[in-house]
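**Q** Guided by the hints, dock chains C and Y onto chain P, whose structure is given.
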Amino acid sequence: MKVVAEPSADALAPHGFDFCPGCGYGSVLLALTDVVQDLPQKPVFMVDIGCVDFMTAHMPGDVLMGPHGRTSVLASGYKRMQPERLVCAIQGDGGFMGLGAAESLHTAVRGEQITIIVLNNGVLADTGGQLAATTLAGKATSTTPEGRAPQHGPPLPFLEMLSGLSGVAYAERVAIDSALGVRRVRRAIAKAFEVQRSGLGLSIVEVLSPCPTHWRMDTVQAWEYITQSVRSVYPTGVLADRTRGTDG
Amino acid sequence: MPKTVGTVAIAEHLCKGCDLCVVVCPEHVLAMTDRLNSKGWPVVALVSEGCTGCTLCADVCPDGVFTVYREESRKIGANV
Amino acid sequence: MITTAKRFASGNEAVIDAALAAGCHFFAGYPVTPATEILEAAAERFPANNRVMVPTEGEIAAIHMVAGASLAGFRAMTATAPLGLSLMSEALSFFSGMTELPGVVVVQQRWGPGDGSLGPGQDGYNQATRACGHGDFRMIVLAPKNVQELVDLTIEAFDLADRYGLFVLVLGDQLLAIASEQYVVPEPAERPARTVEFGQGNGLVMPELVAVDETAGDFAALERVGRRWEQKYASIERDEPRAERCGDAGALDLLIVAYGSLARIAEYSLPQLRNTGLRVGVVRPITLWPFPADAVRLAAADAATVVVAELSMGQMIHDVAEAIGRKPDHFVNWLGGRAPSTEEFATRVFERFSELRLGAVR
Chain P
1 MKVVAEPSAD
11 ALAPHGFDFC
21 PGCGYGSVLL
31 ALTDVVQDLP
41 QKPVFMVDIG
51 CVDFMTAHMP
61 GDVLMGPHGR
71 TSVLASGYKR
81 MQPERLVCAI
91 QGDGGFMGLG
101 AAESLHTAVR
111 GEQITIIVLN
121 NGVLADTGGQ
131 LAATTLAGKA
141 TSTTPEGRAP
151 QHGPPLPFLE
161 MLSGLSGVAY
171 AERVAIDSAL
181 GVRRVRRAIA
191 KAFEVQRSGL
201 GLSIVEVLSP
211 CPTHWRMDTV
221 QAWEYITQSV
231 RSVYPTGVLA
241 DRTRGTDG
Chain C
249 MPKTVGTVAI
259 AEHLCKGCDL
269 CVVVCPEHVL
279 AMTDRLNSKG
289 WPVVALVSEG
299 CTGCTLCADV
309 CPDGVFTVYR
319 EESRKIGANV
Chain Y
329 MITTAKRFAS
339 GNEAVIDAAL
349 AAGCHFFAGY
359 PVTPATEILE
369 AAAERFPANN
379 RVMVPTEGEI
389 AAIHMVAGAS
399 LAGFRAMTAT
409 APLGLSLMSE
419 ALSFFSGMTE
429 LPGVVVVQQR
439 WGPGDGSLGP
449 GQDGYNQATR
459 ACGHGDFRMI
469 VLAPKNVQEL
479 VDLTIEAFDL
489 ADRYGLFVLV
499 LGDQLLAIAS
509 EQYVVPEPAE
519 RPARTVEFGQ
529 GNGLVMPELV
539 AVDETAGDFA
549 ALERVGRRWE
559 QKYASIERDE
569 PRAERCGDAG
579 ALDLLIVAYG
589 SLARIAEYSL
599 PQLRNTGLRV
609 GVVRPITLWP
619 FPADAVRLAA
629 ADAATVVVAE
639 LSMGQMIHDV
649 AEAIGRKPDH
659 FVNWLGGRAP
669 STEEFATRVF
679 ERFSELRLGA
689 VR
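Residue numbers (this note's numbering), protein chains in the order written: chain P, 1 to 248; chain C, 249 to 328; chain Y, 329 to 690.
Please keep in mind that the hints were generated in silico from the structure rather than gathered at the bench.
This one's a predicted model, so the numbers in the text were calculated from it and none came from an experiment.
Among the clues, some could well be false.
Said to hold, decoys possible - Reference listing, derived: stretches of chain P covered by chain C, where coverage requires no fewer than 3 residues with Cβ under 8 angstroms from a Cβ of chain C: (1) 16-22; (2) 46-56; (3) 108-115; (4) 178-190; (5) 213-225.
Here a beta-carbon is modelled for each residue, glycine too, at the ideal position from N, C-alpha and C.
Isolated chain P (complex conformation):
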């Protein structure tokens, strides 16, 4: 028999991932590692603070961890001076849409020639599952124990807001809630790097990622929560694609 699926030993070294059971972040790392194998060069990675920073040791390329929320501008500064390099910022929803929203927005406005991978798990997970910009209405978190209420505002449709900007060459939202979903993560990341290589502008992949620990669910329920609830607020699909010559 021949090998038909094999995880990257490099990504997993030295002793596997430190994410919780059923966390989607490991899937993103494995997908990213697969994609990078097919690229002509190893990208450089700028990793935000949050659960994403547990990725640093496993990244398929050189990696710098920067301040929370500002990874996009850090990556932009690097790319401006090394335009031939592939540059990728990895951020959680807390950093990308919350604390660093201004920097994320203007990175999109300027159409910086980088790829941003946003891992959206709907909570500030690294600190213990607090309210994030992306928490669904009614969802209990450690800072909204009674659930996200009207005074906390509705979940922020940030990718939809950015997708209307001419600087955003590609924006796709994918979800880790099925085997198919995981395959689409890989495809979307590959597409985003392709867009970066074509120099059309900013490429963003938002991954809806399960957080069973802080959603207080088992791992299968977390998948179902994405399928049934999260995706009705954050629909998956391609939101912007300027590789087709017209606005996405």
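**A** Just chains C and Y now, with coordinates in the frame of chain P:
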């Protein structure tokens, strides 16, 4: 019982017992065990004949536990 | 085309002459009085010299882009006021303190907390020398007194930043920003590009503190990083303090300690103070961190009284006290964004000196 045309190698030390592979396996050949690995997580095992090498377990596993093997002549079992 | 001849321009414009001569290839910034003209000069002259300038949405983005450019191996800078330095502080902790990237920030001080005043101040001293950002780290702070020194120290700031792997702050003020003077820009020195390990694809994880596997609880390894930083700062404190002394030689009735534009005013007031019959000198810290404690202590050893002058409620005075081992005899200051004329300076210092002497006689 379907013919066994594939198999999986399980890196037990990476498994966290999250159950996702067990749920997606269309042939129901995977099951959680009571055995704990060095990190203290229960680990999954291939418990019966019938693996088709479809790779769904490897697709969904967030921890890279599975290496999947299939007989040369077989086409991929699950498509995107 | 880089100008190397004599120039006549404001301090803010001169900063960009210095940046170009120093081989700075990247500038990002956001306008704030009194540093805005630095940004504007960069916008005009960086692209014209085949360098990159990005006007960002704010100071936070600017300092991060500077860090990114520095990580890419290029000399990079921004310019701001203490107000903007507040916004950059978190990033400076990360990139100067933790990641040890080189970079330069020119800070033109205006007085006051909050929005404050638009006039000159020296109340960014504590912020620059101690409190800029969280955690155990220091940045070298250079304090020029005139436009020529602003040029020279800005160029040197890049060298120091590269040598030690940290950000260097050039701490000016509103007077220095707008004063137009003649200055000379040195020939750009030939510098080999900084070798950068990052980006070679070897799986480098930065910064070093993050590369240590904290989840494994290896706090001994983390402490080793801290100890290395401690040694770096100790070597800077040993090798880099710099001060200038002027005025009367030998024993003094009065020693004035001041820095930056106010030190220049103090120096110009010396003839008037001497006319009162006093033997007077000025000692001027050029590096604020590391503070030139030895130079200040030596100067004070020969002086009957020591007066500290600042455009603040008293910030450098604590470093002076530590250096001379006692509280300075006088403190004179101006607030509100106002700097004294040389005559007003001399009069105020002489009044305070006389008050003390009368008090001693009584």
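**Q** Compare the structure with each hint and give your call.
**A** Each hint, compared with the structure:
Evaluation of the coverage hint for the stretch 16-22 of chain P: fulfilled, as 6 residues show C-beta separations to chain C shorter than 8 angstroms, against a requirement of three. Counting residues of the stretch 46-56 of chain P whose C-beta lies closer than 8 angstroms to any C-beta of chain C gives 0; at least three are required, and the coverage claim is violated. Beta-carbon proximity to chain C at under 8 angstroms applies to 0 residues in the stretch 108-115 of chain P; the threshold of 3 is not reached and the given coverage is violated. Figure legend: the stretch 178-190 of chain P, annotated as covered by chain C; annotation consistent (7 residues with Cβ-Cβ distances under 8 angstroms, at least 3 required).
Look at the stretch 213-225 of chain P against chain C: 4 of its residues bring a Cβ nearer than 8 angstroms to a Cβ of that chain, three or more, so the hint holds.
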